[in-house]
Structures are given as structure tokens and as C-alpha cells.
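**Student:** Take the sequences, apply the hints, and build the full model.
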Amino acid sequence: MTSIPSLIGVVIVSFLLTRVLPGDTATYFAGPAATPKALEEVRKQLGLDKPLPEQFLRYVADLTHGDLGNSLTTGQTVVGDITSRLPASAELTLIGLLLALLIAVPLGILAAVRQGSWIDHLCRVVATAGVSLPVFFTGLLLVYVFYFLLGWSPAPLGRLDIFFSEPPRITGFLLVDSIIARDWEVLRAALSQLILPALTLAVFSLAPIARITRASMLTALSSDFVRTARASGLKPITVTMTYAFRNAMLPVITTLGMVFSFLLGANVLVEKVFAWPGIGSYAVEALIASDFAPVQGFVLAMAILYVILNLAIDLLYGVIDPRVRVTT
Amino acid sequence: MDRRNFIKSTGAAAAAISAPAVFTSAQAQARSETLVIVSESGPNNLDVMGVGTNVPGYEASWNCYDRLITHEMRTLSDGTQYYERDKLKGELAEDFVVGPDSATFKLRKNATFHDGAPVTAKDVKWSLDRSVTVGGFPTFQMSAGSLTKPEQFVIVDDHTIRIDFLRKDKLTIPDLAVIVPAIMNSELCKKNATAADPWALEFTKQNTAGGGAYKVVRWTPGTEVVFERNETWVSGPMPKTKRIIWRIVPSAGNRRALLERGDADISFDLPNKDFAEIKASGKLAVVSTPYTSGIQYIGMNVTKPPFDNPKVRQAVAYAIPYQKIMDAVLFGLAKPMYGAAADKATEVAWPQPHKFNTDMAKAKALLTEAGFPNGFETTLSFDLGFAGVNEPLCVLVQESLAQIGIKTTINKVPGANWRTELNKKELPLFTNIFSGWLNYPEYFFYWCYHGANSVFNTSSYVSPPMDAFIEGARDAAAAGDQATYDKDVKGFVDLAFAEVPRIPLYQPYINVAMQKNVSGYQYWFHRRLDYRAFVKS
Numbered sequence: 002m003t004s005i006p007s008l009i010g011v012v013i014v015s016f017l018l019t020r021v022l023p024g025d026t027a028t029y030f031a032g033p034a035a036t037p038k039a040l041e042e043v044r045k046q047l048g049l050d051k052p053l054p055e056q057f058l059r060y061v062a063d064l065t066h067g068d069l070g071n072s073l074t075t076g077q078t079v080v081g082d083i084t085s086r087l088p089a090s091a092e093l094t095l096i097g098l099l100l101a102l103l104i105a106v107p108l109g110i111l112a113a114v115r116q117g118s119w120i121d122h123l124c125r126v127v128a129t130a131g132v133s134l135p136v137f138f139t140g141l142l143l144v145y146v147f148y149f150l151l152g153w154s155p156a157p158l159g160r161l162d163i164f165f166s167e168p169p170r171i172t173g174f175l176l177v178d179s180i181i182a183r184d185w186e187v188l189r190a191a192l193s194q195l196i197l198p199a200l201t202l203a204v205f206s207l208a209p210i211a212r213i214t215r216a217s218m219l220t221a222l223s224s225d226f227v228r229t230a231r232a233s234g235l236k237p238i239t240v241t242m243t244y245a246f247r248n249a250m251l252p253v254i255t256t257l258g259m260v261f262s263f264l265l266g267a268n269v270l271v272e273k274v275f276a277w278p279g280i281g282s283y284a285v286e287a288l289i290a291s292d293f294a295p296v297q298g299f300v301l302a303m304a305i306l307y308v309i310l311n312l313a314i315d316l317l318y319g320v321i322d323p324r325v326r327v328t329t
Numbered sequence: 065m066d067r068r069n070f071i072k073s074t075g076a077a078a079a080a081i082s083a084p085a086v087f088t089s090a091q092a093q094a095r096s097e098t099l100v101i102v103s104e105s106g107p108n109n110l111d112v113m114g115v116g117t118n119v120p121g122y123e124a125s126w127n128c129y130d131r132l133i134t135h136e137m138r139t140l141s142d143g144t145q146y147y148e149r150d151k152l153k154g155e156l157a158e159d160f161v162v163g164p165d166s167a168t169f170k171l172r173k174n175a176t177f178h179d180g181a182p183v184t185a186k187d188v189k190w191s192l193d194r195s196v197t198v199g200g201f202p203t204f205q206m207s208a209g210s211l212t213k214p215e216q217f218v219i220v221d222d223h224t225i226r227i228d229f230l231r232k233d234k235l236t237i238p239d240l241a242v243i244v245p246a247i248m249n250s251e252l253c254k255k256n257a258t259a260a261d262p263w264a265l266e267f268t269k270q271n272t273a274g275g276g277a278y279k280v281v282r283w284t285p286g287t288e289v290v291f292e293r294n295e296t297w298v299s300g301p302m303p304k305t306k307r308i309i310w311r312i313v314p315s316a317g318n319r320r321a322l323l324e325r326g327d328a329d330i331s332f333d334l335p336n337k338d339f340a341e342i343k344a345s346g347k348l349a350v351v352s353t354p355y356t357s358g359i360q361y362i363g364m365n366v367t368k369p370p371f372d373n374p375k376v377r378q379a380v381a382y383a384i385p386y387q388k389i390m391d392a393v394l395f396g397l398a399k400p401m402y403g404a405a406a407d408k409a410t411e412v413a414w415p416q417p418h419k420f421n422t423d424m425a426k427a428k429a430l431l432t433e434a435g436f437p438n439g440f441e442t443t444l445s446f447d448l449g450f451a452g453v454n455e456p457l458c459v460l461v462q463e464s465l466a467q468i469g470i471k472t473t474i475n476k477v478p479g480a481n482w483r484t485e486l487n488k489k490e491l492p493l494f495t496n497i498f499s500g501w502l503n504y505p506e507y508f509f510y511w512c513y514h515g516a517n518s519v520f521n522t523s524s525y526v527s528p529p530m531d532a533f534i535e536g537a538r539d540a541a542a543a544g545d546q547a548t549y550d551k552d553v554k555g556f557v558d559l560a561f562a563e564v565p566r567i568p569l570y571q572p573y574i575n576v577a578m579q580k581n582v583s584g585y586q587y588w589f590h591r592r593l594d595y596r597a598f599v600k601s
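Protein sequences, first through last, are from chains A and B. Quick note, the first sequence lines up with residues 2 to 329 if you use this note's numbering. Quick note, the second sequence lines up with residues 65 to 601 if you use this note's numbering.
No lab work stands behind these hints, which were simulated from the structure alone. Do not rely on the hints blindly, as some may be mistaken.
As the list claims (entries may be wrong) - Just so you have them, the derived chain A footprint on chain B, three or more residues with Cβ under 8 Å:
1. 109-117
2. 187-193
3. 568-577
4. 580-589
Unchecked claim - Simulated DEER-style distance windows between Cβ atoms:
5. A:PHE137 x B:ASN256: 35 to 45 Å
6. A:LEU142 x B:LYS375: 51 to 61 Å
7. A:LEU58 x B:ASP222: 20 to 30 Å
8. A:ALA313 x B:THR258: 37 to 47 Å
In this text the structure is predicted, and so the values were computed from the model without any measurement. We treat Cβ as the ideally placed atom computed from N, Cα and C, and that holds for glycine.
**Tutor:** Given below as C-alpha cells:
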């Protein structure tokens, strides 16, 4: 409920922000040889000749019908574009995050348990390298090594190799759809396209997860209940995993949520490098062409996603930590 | 599930998942019949007459629709296929006769649209009516050839159409061979038209409703376009390539990697540096052709001081580091438009090089003469959309101008904003590019130097003698008066070089890199790819 005012705010702010952007949509789309008259016609066709409040009311009215307008850069409806591109971004981000989790959490735990050891230093080096390497650099480097030099990875041409056709669209997630269609060849092809971009994202998102895991594990390990558990003669693994890690998970989950929503919008560069038909590159292309509708649609979709994600994380807290349920 | 079964089923699944990465035979065959093209951006509309169709959209339209007539091809000395500006042949028309007041076109009797409907004069009229009525760019382009009224297009019989001329205009016939007057399936379009959209623009945006050599079978905006050959095409020799896959790959580095690894067949918008390196390595076939009637230039706003003084403009023209720009920015991939010999006679041609070269002493002297011995301050603007060339170019110009005391601040204008800024006509000093489809000197000058002050007259240059030359040449061309035409063309070229409201730098190249087994690239005035001639062996 508390999220509704913020959504309304997002609608207003995104509308106003796109209007104050420099650049004139009509000039851009009237083509290179536009006369002032042609310009005026395009402006009228796009509804840009109306005063701002009227444009806004129209936008809100369309919004209540689920109509986000048309993208001028792709020529499609914004809703259609977003529903076709969001799964591509989400699939990439989820796999990337999963990879990051698989590496970062064990690394963080081990670094905390063996503080000061080589693994702690490794954790520090990996985390520092992860944040300091720009995503496009990691991406291009991976493409250069694994595609260009070694030829292990398929061409960086988006979600599927040119000669595969997409399985029937059910979820929009290629991995899921190809499993549903029992098309193992496509599954394999989609997976192999996914590995490099997902790895690129994982390298980037490793750092915050590993550091938070380490920090919260350190706090948990030095707390009284862990000392008690140790003193009671429980096995070290039980102490670390059941007692310390479960308590250390809350901040990790919070970070995870933040990293996910951040990645979803911020993986533009990865999408550009791998020609991934995702939502980030869509928004940036629209922004360059001062194409308002997709930008507004993107901001709105991201806001809604963020709200849902926060809700999911709040609910997850309750599952992990019963105390949260009691106090609220 | 017992253990044996479990092992069997997981084993099978693992085998299926780890199938080797070779193509199945069907895929291998598809690969040999398919041409894979990679480029930076894709179409936003499949119809050239749509609202705001972008340049990649022109390519889709060019290959999926026929026009009444088209240009012949000729082979240049280096083997490049180049369109013949002055030789036209029938495309949908099997025969055409141009008279003094009208032209008559006989349509091919066996031509059909993609859905099998025959092409009739009714379709031609509907399409031409549409092009002069929808407004915006298509209507504007038609008007460049004095084609403005639906009454000009007359159905004589089912397979004959007559086009009446409004006035004598040399550009009327060539204008029928540009991309815009595509012949559409009128019945199919009408079926999909609505009261708000009588010309079915929404339908043709997503679907190809024509009878051209290719049809779009799949289009994922921003990702790919897949074309398939029209097996019943009769307007020319049957294309050799069955399928064209056009993939959008935003990163230039990856486009090059795809080409070098052999996963893509053609790329034509790689940065100059990559092209120069590819050319040197010799692994791929590279064709470079100068843009017809296209020039990158330094423009100056002649309505405001200090650039209202021709001496200042000449000083700038002597201070441009032409050769450095050619070497460091373009890697030699452009045709110089400067440094003609001092005694060279003006030709009846455009573009042609001017006589300025880099001479700092002369520049300084001219600037002092103009009353700016200590120089002045100004801004130098460029379009960020083409930053790859514009940015280093402007830095070199900035450095060079500083030597004669002109201090410039570089102003980077985002692509979306560039045309708005040009339209305001307030930028004092800038670099830009202009190129026209119709390759005639007077056409170029009408846009760029005439007092009608179009968007492309970016210097706001107005001069009655210039207008007289341009109009004289246009009238002489229509009347077929070669002597007057030659005199007037030389007149406006000389004047443009004497007053230098803009300083031509070079004619850019259109660079196409292909696999060695791909041939048949043709250079067209629109500079996009014509799929019909490509052969992959």
C-alpha cells in the first residue's frame, strides 16, 4: 500500500524529466529533409503540439488502459516491447546473479571463518577486481578470449544463434520455454549464448555480495550464541552454517535485492556488447532518439519491479528470521 | 525409479544437452543459402512512406518493393558495381516512353505481388497518390521531381499508366527511381486501412505489401530482420541468395570479430580504423566507394561576426589541417576535397576539390587583414551521433585554429538534438555532412547554398548572384541548353569557393567488408545494400 504514492510520483517525475530533456522528437523523426511544414505535421501526428498538462492527462488516461504509447525507434507499442525484452534482461540477470551467489557466498563464508588466511585475501582481491573492472571491458575481454581467440563460445549475437528458431513463447525465458517444448538443442544453444554475458554480470555483482557475506558472517561468528554453540561442543560445520550463516543471511538478502534491481537496469553495457535484446539497451536507444514513451515505460516498469522485489524480500525476511514476523 | 533406469535417463539427457556444436546438415545447407549481414542499427518501419522511417528502414523497402524504373549498373575500373545516374531501365515497367509533357509506362503483364495478386495500373496509381499525399519526407522527396498532385498519375488501361508533368524538370524521371515511389499492393493495403489511417501506414509499418524480390518473413525490432526470396519475381534476374538474415550488433568490435571469424558475411558500418586494418590484413574483401554528392565540411554562420567577413572564412580555410584529418581521422578512407592545383580550371562537376590547402602564414595574414590580428573566441560544434569521426576531426581543427589565434571551445551536441540546433541556424562554427540522393550539382547547391535557406544551408548563406547561377543551371538543364548549364555550374562552384561559407573537407567513403566468397556488391545512390545481386559461393 505504501508503494502506491511512490508509483504515482514515478509517473509524474518520469513524464516531466523526459520533457525537459534537450532534443526535439519531431525534428529527429521528420527525417533529414524536413521542411518546417513537414515538421509541424509530424509534431501534430505525435501529439506534441498540445500543452504539457493536456499531454500529461492523455498519458495518464492511456496508462489506466495499460497503454504506454508507441516507441518511435522500434515502431512497436511500448507494452509489446517491454514484455518481449524484459524476460531477456531478467533471464540474463538471474543467471548472472546465481553465478555470482554460487561464487560469492562460499567465498565470503570461508573468508570470515578463516579470517586473515589466503582465502580471505583472495576474497578481497576478487571483490576489488570485480568492482573496478568496467563491465564492457570484462565483456569484450571474454568475447575476445573465448569467442575470437579460442572459438569455444558461440558468436555474441544475442539470445540464440542465427540458425536456431525460438521455441513457442510461454514465459519469454528461453531456458524455461525450451524445456517446456522439450527442445534440447535450443536449450543448449540458449545456454551457450548465455554463459559469457552472465559471467560478465557475475564478475561485476560478486563484490558487494562477497563483502556483505564476509562482514555479516564476522559479526555473527563473534556473537554470544555462536560462542555458546561452540562451547556446547557442536560440530564446527553446524555452528557455521546453521547458527552463524542463517543469522548472517538477512543483510545478504537485502544486498541481493538491491544488486538485482540495479543490475536489471544497469546491464546496458553487457547488453550492448553481446547484442542482447534486453530492456536496458532499449531504454538507452530510446533516450538517444529522445523518444519519450519507451523511456517513461522503462522507468515505470523498473519502479513496479522494484516495489515487487522489495515486497518479496520483506516476505522472505519472515521466512528466514521468525523474529521479524513477531515484531511486525 | 531404480538405479539402472536413473542412470539411463540422466545419461540420455546429458548426451542430448552436450550434443557437439556442429550444425546439422539442414543447418549447413541453410548456411550456404543464407547471407548474414550485421550492422549497428535496424529499421523502425518497413515502409519508406511511414512516419519517421529511419535509414535502415529504407533498405528494407528497397529490397521488398519494386519501382516503375531503376538505374542500370556499370563496372568501375576497380571492379566495383556502380549505378548509372543517367541510364534508367524498366523495373515493374517493361517499357516506358518519355514525351515532352508526360511519360507512359507499360507494366509487366506477368508481375504479381507477394500474395499472388497481379500488379495493375490501379496499384501504381494508388501507390504514387499515396507518396504525394502522406506528407513528411516521402511527399517532400517526390516534390523534388515536381511530382506533387494525384491528378498527375493517369490510368490508361490495366497495364499502362501515364504520368503528366507539371513543368519541365530534369529530376522528374530520376525521382521515380528513388526509394520512395515503391509500388504497393493497393487491395491488400485498403483491406488493412482504417478511417484514421486511410493509407494503411500502420499495416505497412509491420508488413511488406509489395511484389519486390524479397519479403520480410520475421522482424524483431532492434534484433533482426529475416528476408526470404520471392520465387515469383519477374522484374529482374532471379536473386541468387535465398535468405538474408540481418542482425543488429551494436558493438563495432563484435561486428569485426564476427566477420573475421566467418560468422557474418557482410558488415558495412565499421569504423574507419577497423576498415583500414581489415583492408591491410587481406583476410576479407573490402570495397570502398566515395558517397556520391556527399561532403563533410566545416560550416560558418555568415550572418554574424566574425564569420560574416569572407576574409575570416578564407583564413579558416587556410588553417584547416586537411592532410592530418585524412591520415589520423579517416585512415585515408576518403576522397580529398582540397588542395587542387592553383592553375586548375573549374570543372562542370560536383563535388570537386577547392584550391585551399594548409598554409598558416597565409591564414594569419588574412586574419590580420580582416581586422583580427589577435584572433577571437568562438565555439566549434559537432554531432555526437557521429563522434567517431567528428570528435578527433574537431580536436585537430581546434588545435590548428589556435595557432592563428582563434580560440575555440568544442561543443558536443547529442544526436537527437543536432538537427534542432542546425535548424536554429545559430551555431557559429561547426562540422557537418550533407549528401543528396539525386546526384546533380544544381540539386546539391539548391539545398546548401541557395537563398531559399533550407535546413541544409547551415551557413545561412544568401547571395543573389549565387541564386541566379543555381536557377540558371536548373532552367538550362530542363531546356537542354548545355552551354548555359556549363557556364552556370562553373559560376556557382567558383563563387562557392571564393566566398567559402562552408569549407569542403572530403568525400567520405562507404566501406563494405565481406567474406571472400561473397560477391555482387552494388553501390547505389541511397548507399544501402541491394540484396538482389549478392552471390555467395
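**Student:** List, from low to high, the hint numbers that the structure doesn't satisfy.
**Tutor:** The structure conflicts with hints 2, 3, 4, 7, although it agrees with all the remaining ones.
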